[in-house]
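If you're matching them up, the sequences are chains A and B in order. Each step along the first sequence adds one to the number in our numbering, with nothing skipped, and position 6 is 6. Each step along the second sequence adds one to the number in our numbering, with nothing skipped, and position 108 is 108.
There's no promise every hint is true.
[Stated by the list, open to error] Pairs of lysine-lysine residues, derived as DSBU-like cross-links and limited to a Cα-Cα distance of at most 35 Å, are as follows:
{"no.": "1", "chain 1": "A", "residue 1": "LYS159", "chain 2": "B", "residue 2": "LYS441"}
{"no.": "2", "chain 1": "A", "residue 1": "LYS28", "chain 2": "A", "residue 2": "LYS46"}
{"no.": "3", "chain 1": "A", "residue 1": "LYS270", "chain 2": "B", "residue 2": "LYS384"}
{"no.": "4", "chain 1": "A", "residue 1": "LYS46", "chain 2": "B", "residue 2": "LYS436"}
{"no.": "5", "chain 1": "A", "residue 1": "LYS135", "chain 2": "B", "residue 2": "LYS468"}
{"no.": "6", "chain 1": "A", "residue 1": "LYS141", "chain 2": "B", "residue 2": "LYS477"}
{"no.": "7", "chain 1": "A", "residue 1": "LYS131", "chain 2": "B", "residue 2": "LYS477"}
[Stated by the list, open to error] Simulated coverage check for chain A against chain B, where a stretch passes if three residues somewhere in it have a Cβ under 8 Å from a Cβ of chain B:
{"no.": "8", "region": "8-18"}
{"no.": "9", "region": "158-165"}
Simulated from the structure, these hints should not be mistaken for laboratory data. Here the structure is a predicted model, which is why all the values come from computation and not from measurement. Just so you know, even glycine gets a beta-carbon here, dropped at the ideal spot from N, CA and C.
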Amino acid sequence: MFEIINDDQKQIIISLHLEEIYTEMCLKTHLRDEARVFSKETLSKKCIDNIVQLTFEEKKYSDYECFIDFSHIKYIAPNSGDKLLEWIQNLPNASIIHGEECQLLKENKMCVAYKDGMHDYREMFNDYGKKYIAKNCCDPKGYETQIGICLGVYVDIKKIINDSIEMLRWCYIIAYDLDKYFLSVNEDKKNLFFCHTLNGAYIAGILSQLLGYDLVYVDHLGPYNKLNKVDFYKGKSRTEEFIVVADLVCLGNEFLRAKNIVEYLGGTVKGCVGIIQMNDSIPAFLSPDQVNVFALKYTPKSAREELGYSVRTDFCSAQCEHCKKGGTINNGIS
Amino acid sequence: MAYRKIVHISDLHFSEKENEKSVLQKDKYVNDFIDSLKGIDSLDTLIISGDIVNKGGSQGAYRLVDSFLQKIRDELGIKNILCVPGNHDVNRNLLLGISGDETVDTERLWEQYDVKLKYYWEFDERNDFGSYQKSGLVSYKVLHNPNMVLLGIDSTDRIGTSDHCGFINIENLAQAFNDVLGEEGGNYKDYIKIAVLHHRPIIYESASQRVTENNGSDIGQYGTCDSENWEKTKKILLAYDVHYVLTGHVHGTQSGQIRSFDVPNDEINYSTVGSIGVDFSREIKERLVLSGDKELVDRFEELVCYESLNGNHNSYNIWTFYESGLVQEEQYKYIVDEGKRHWCRWKTKTFEDKENEHIDKEVFATGVQTASSIIEEVEDYEEKILTCIREHELFKTGHYHWKSTPRLSWIDTSYFFQHKEMMFTIARGINGIFEKEEALKNASGIIGLGIKGAILLSYVRFLFPNKKCSYLPENPKEYNDYEKALFEGSENINPVVMLTDVVHSGSVVKSVANMFYEKKKMYFKVIVVAIIDATPNGIIAKEKRKYEVDLFSLARLKVIDCHGGGENCDIYIKKLANVIEYKED
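Could you build all of it, start to finish, from the sequences and the hints given here?
Right, dumping it as C-alpha cells:
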C-alpha cells in the first residue's frame, strides 16, 4: 500500500513496519487502552498476506532495484516466515535494509548490511514527499492570510488528508523521527500533544494512536476560546510538557501563539512536530535542544525554487526576486 | 463465583422534631430506597457508619430507627447489620448532667463512654450489631462465603460536651484486634477485613480522586480524623491486613487511595458515603425562601438537582466482594430527573484485593483473548460514557449562552478527546454503529465537524479505508475556498455522514447541510453519528426538498434549556451572546 517508487533512480522501497502499522490501524483491535501502534515489532500474518500481493510484474519495473526495509521489525508471525522469504526471493533485484534485528533473517543468514547507494524508507520519503506536495497540494493562485501575509503559493495540506489513507504515511514519518529523537536523548516518557487547528487535531489524533500519547486541544487560537481554555487550565495536565502539533510551519507565528498559551497556563513547550517546515533552520522560535520534527523540511531557497513558495507583505520591495520575475497574486498585492 | 453484596449507608439523622426530620422518615423515600435494592442477589449485609440520630439525647429517635431497620430486614432479607456511633450520637445533655459529680474528671468527660452514648448502646443491644467494647473496637461481625470480618471502630473517642475531630482509642483498639483477630490476624488469616468508622480520616481532592493527608483543619475543624492519631490507627489496621476503610460524616461521596509524594500508596482503599438521611431539599428550600426570590423558589426541583449533583447528596454505596478477590464499589445517588426523583447508579469502580493480586493477573493473562471478545460483545458504551461524565464531573450546570441558544447545562466533552482510553472506547462504539447500521455501511464519505469531529475522524478513519473522509469547521461562514471546494468534487457522497460530539438542536448539522445543498442543488440524506444525543426527542428535523437527517448516537442525555426561554432571557436581551458563564466547582 505504501511502497515508494522512484522512477528517476529506478528504485522501489517498501517499509514493512509501515505496512504492519496500516494493517493494525485497519483493525478495531488497536482501539484498546494500552495500544501504541508504532511499537509493534512483529509482522503479522494478515500483513504478510497483503504484502505478497505486491508483485511488480509490469515490464517497466523489471530493471528496478527493490528495497525491503525491515526497520523496527524483529519478529515474524508463526508459520508466515517462509511465505515472506519466498516473496522477497522472487522479487527482481531485491535487497534487504535494516534487517539486523530480525530473527527470521538472522536464522536464514539474509541480513544485508546497509551499504552506499542504498536508501532506507525515511530517506526515500524526502524525495517522494516533495514531489507529492509539488504535484498535489500547491495552488499557484496563492493566498492572503487573515493577518495580511500573502503567500505566493498555497500549500493545501488537506489534500493529503482527503487522499484516501495517504496521511498515515506522513504521520508515520513524523512518528519515526520522533521515536528516533527520543531514543537519541534516552527519554521514554509519555508526552502530550497540543493542537489548536483542525489539521493539527487530525494529525495529533493519528500520532496519538501511533505513539500512545494523550492530546490536549484548544479550539482555535482567538478571542472566543475561553471555554476550552478554562477546561485546559483546570485539567491536571496543565503543568506538563507539550509537543505542539502543526500542519505547516513557515515563520512560526502560530506556533509562538500556541506556545504562549501553553506557557501562560503553566505548561512547557518541548518543541514542535508537523507535516511541512518551510524554514529548516527555525532559530527564531525553537532552540536547538527542542523537538523539531517534520515529515518534510525545506530551506527557504528550496521552498521558493521547488514550490514557488514566497511570503510577502505590504512592505515587500518591488525589487524582491519574486516580483522581479513578474510574480503576482490574485488579491492585488504584489 | 461466590460473592457478597454489602450496602453501606451513613448519617441517617433521625429526629423527633418536625423541622429536623430525616428524609428517611418519609415513606416514599424509604420505599424508593428499598425498591432500588430489591432483587439484588447475595445482598445480606448492611453497614451504617454513624450519626444514626440527629441528637444523641433523643431516645425516641432511636426507636424510629428500629422500625426502619426492621423494615429493611423484612423486605430485603438483610441478615447482618454492623453499626458504629457518630458525633451526633453523643448525648451531651447526659454528660453535662454528670459534670458536677466529684468522681468524674470534668476535663475528660469524653471518657464516660457508658453515659455519652447511653441511648446508642441501648439501640445497639436491641439490634444485635455485634457489640464488643465501648471504645476502640465497638463491634465486629464474621461472615462466611466469601470470608470477611467487619470491624466497627469508634472515632468519637474525644467527643464530650464539645465537638472534636475524629479520634480513636489506639490502646483499646490494638488490644481488641489482638484478642479478636489473634496475633498478626492469625484467627482470620485469609479473610477480607473491612474497618468501619464515622469520621473520614483523609481529604479527597475531588477532580482527580487523589487524596492527601490532613491535619483535621482543612475542611473544618471537625471534618476528619486527627492525623497523628490516624497514622497510629493505620499501622494497626495494616498490621492486621485491613485494606478497606468505610466512613461517612461529611455528607458527600468520595473514594480512593492515598497517593501523595510522601506516601506513594498506603494500601488502604478509603470510601466515604454521602448522607442517606439529611433532607437537603428542606435545607435548600429554607435558603431559597429566605432569599425572597420567587423565581428561584419556583425552580426548586431543578436547584435541588444541581445542588445534589455538585456537592452534598443523598446516597448509598453497594460493595461486591468476590471470592476471587475482585471488589466492586457502586455509588448510588437520589436524583431529580424530569421532575421525578429516583435512585440512580452514579459511578462504579472495580479493583483487585491485594491478597489475590497475583492469582487474578494470571487468570486475566491466560484468558485475555476470550475476555476481550466477550467484553466487545457486551460493551455498554452509553453506560461507560455516562459514568465518565459523572466521574469527572463533565456535566456543567449554571447559565451560559452559545450564540443565541440558551442553556442551563452543557456537557464538557473535551475530556473524552484529551484521554486516549476514552477515545478508544468511543471509537469502538462508533465502529459498532457503522457495523450495525445498513445505511452507514453504504455511505461513501464521512465528514468530521469541528476540531472534535477531526479528532474523532482520526480514530476511525482507517477502519473505513475505502470511504472518502474529511473534516470542516462547525461554522460554514469560516470555510475558506479550499474547504468549500470539498463539496464540489463529491457527486457520489450521498448519504453524507457527519461525525460530531454532541447534537442538541442540530443547528450545526443543518448549517453544514445547507451549505452542501447550496453547492449540489439536489435532495440528499445526512446521517449524523454523535457521541451524545442531547436532542429533546432524538430527532433532527428534515429540511423540505433539501435533505433529511438520521441520527445515531452512543448515549442519550437530557440538557436543560434556559428557564427564561430565548427572547425572555436577560443574557439574550442584553445581547451577551458568546458570554460563557458556568458555575465553577
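Okay, the hints, checked on the actual structure:
no. : hint                   : in the structure
1   : A/LYS159 with B/LYS441 : 25 Å, holds
2   : A/LYS28 with A/LYS46   : 14 Å, holds
3   : A/LYS270 with B/LYS384 : 33 Å, holds
4   : A/LYS46 with B/LYS436  : 24 Å, holds
5   : A/LYS135 with B/LYS468 : 20 Å, holds
6   : A/LYS141 with B/LYS477 : 22 Å, holds
7   : A/LYS131 with B/LYS477 : 33 Å, holds
8   : 8-18                   : violated (count 0)
9   : 158-165                : holds (count 5)
When the structure is compared with the earlier hints, a violation turns up for hint 8 alone.
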